[in-house]
Every structure is written in C-alpha cells, then in structure tokens.
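Colleague: Sequence:
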Amino acid sequence: MERILAEAGLTSARTSPLGGGTYNRVLRVSADQGEFVLKLSPAGQPGLTYERDLLRTEALFCTLGAPIAPVPEVVHTNFSANGDALLTTCLPGRPLHGRTDVDRPLVRRQLGTTAAALHEVTGPGFGYPQLGLHPTWTAAFFAMFDAVLADARRYGVTLPAPGLARHAAAFDEVTRPALVHFDLWDGNILTDSGLTGLVDGERAFWGDPVAEFVSLALFGSIESDSDFLAAYGFEFTDSARVRLAAYQAYLYSIMLTERVPRGSTDPAMERLITDALAAALAVLA
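Converting from the sequence shown to my numbering requires adding 347 to each position, the first position being numbered 1.
Quick caveat, the hints were computed from the structure, so don't treat them as lab data.
Simulated restraints, written as ranges between beta carbons of each label pair: (1) Glu349 to Ser571: 45 to 51 Å; (2) Thr505 to Ser540: 45 to 51 Å; (3) Ala378 to Glu520: 43 to 49 Å; (4) Ala413 to Glu349: 24 to 30 Å.
Using N, Cα and C, we set each Cβ at its ideal position, and we do this for glycine too.
Taking the hints into account, I'd like the entire structure generated from these sequences.
Modeller: Encoded structure:
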C-alpha cells in the first residue's frame, strides 16, 4: 500500500477503512495533496464469474464518466498479477441510503439527468469489459445470465431458469452498447444538499440502459419514480418492461448466489431477495 501511494506521489499519507465495500478493500486516504479513495482487489477471494479485474472496469467507468457526471477521477492505478489497486479522488457528500435530511425529489431528478448523460456513452461491444465483448446485446446478456446460473450450481444455490429465449425479440431491440453502472442503489449515491457523487462503478458493463433501473429502485418499481423518469426522459413499452424484469431476475440471482462466498446468513434478506426474484420471473413466465 505504501508503495502504491508513493507511486501516486502522495506524501504524509494516512489511511482508514471506508465502509460499504463487499468485495474490494476500500480505504480513505488523507495526504498533503488532499483526500482520496484507495481500492484494493482481494487476493484469492472466491467470487462469481464476472468478479474478476473489477477495479480495471471501475477505472474505465471513472475515466469515461468523470467528464460528464459526478464520478470519481482516476488518480493512479496499479494492475498486476498479484492484485489490482485503484486510487481516485474522494467525492463530497454522504450515501443517500437511510437519509431523511435531503430533498429526495430533487436528488431523483438530478439522478435522472445524470444517468441519461452517462447512458449516452457508447462502447465497442456488449457485455462486461473484463470478460470479452459480444456483437449483440442478446448474446451478451444471455451469456451473463448463464454465467450466474453456473456460479449458482458451483456454490450449491438452486435458482430457477428465467426462460429468456422466448423473449429474445425484446433484447434484439437494443442495438447500442450504453455505459451502465448497474449498482446505483442508495448506498452508492452521494448527496449533500443535492447529488454530489456516483461511486463504485466496478460492476459496470456495456448494454441496455433499462438495466440501470433495477438498482435505482432496488426491491421496488422505477415506474413509480416519476421524478427520475421525467428527468431522464423515459417512457416504458411492453418490451422494456420484459427486459427490466429480466435484469431484475439477473441481479437478484447474483444477490442470492453471492451470499455463499460472502458468508451471508441473514434469513430476512434472503427472503426479500427470493420474493423479488419470484416477482420478476412471473413477468417473464
């Protein structure tokens, strides 16, 4: 860690744990040059198929997003076979999760505008950058879901098949690979008097912007968020609702599967995720 901070040119650097990370180690760095966030990849920690080289994907997301949105700027990277490190600027504000002291309608409108701007960034193909891209979104997303089902079998988690093939035409409608954060729940949205930051872009991919709406309304429905949708400028179609249900099923399948390598034993959370997954699959049935 000291070597990485020295490589970045930081002096008198002091580190302290920064909560919220569930996969990478996250530290706040205070140095003569200012405040920063250092993320370190785990060494040999079991995970899901897509959980490889995540900090490289986050660095890409920050590089592309910072010019147009309140996203951390990349200060320094150190990517090696022994593990990855990403040093970024530290954004102001506190997570929106659990906050009652903010103007939530204002924040949701700002989120809508910001998400729409990020989704204008277009990639070279579809899927996770770290896993290799596909020429179509249908092929990419079906492969992403297949990987999670394989992970579930590996960890002994029973997941129902989503039956995506019958809805292939809905996914074929997506022809532009947009930059999707895919983890914009309230814990990764920073606020002060308004929106101040979007963090933890390590799970980003190139795909359908509708996929963003899952974590933006985690365990709920984005269609009830009129402030966000009006600012974003989105109106749902039947095919978009089908795709949204598939992306919900995908995320909730991830959340159920990752409980095993994470060692999570909260039965209430497991029931919440299981019920949400069942509701999403019912739309696809």
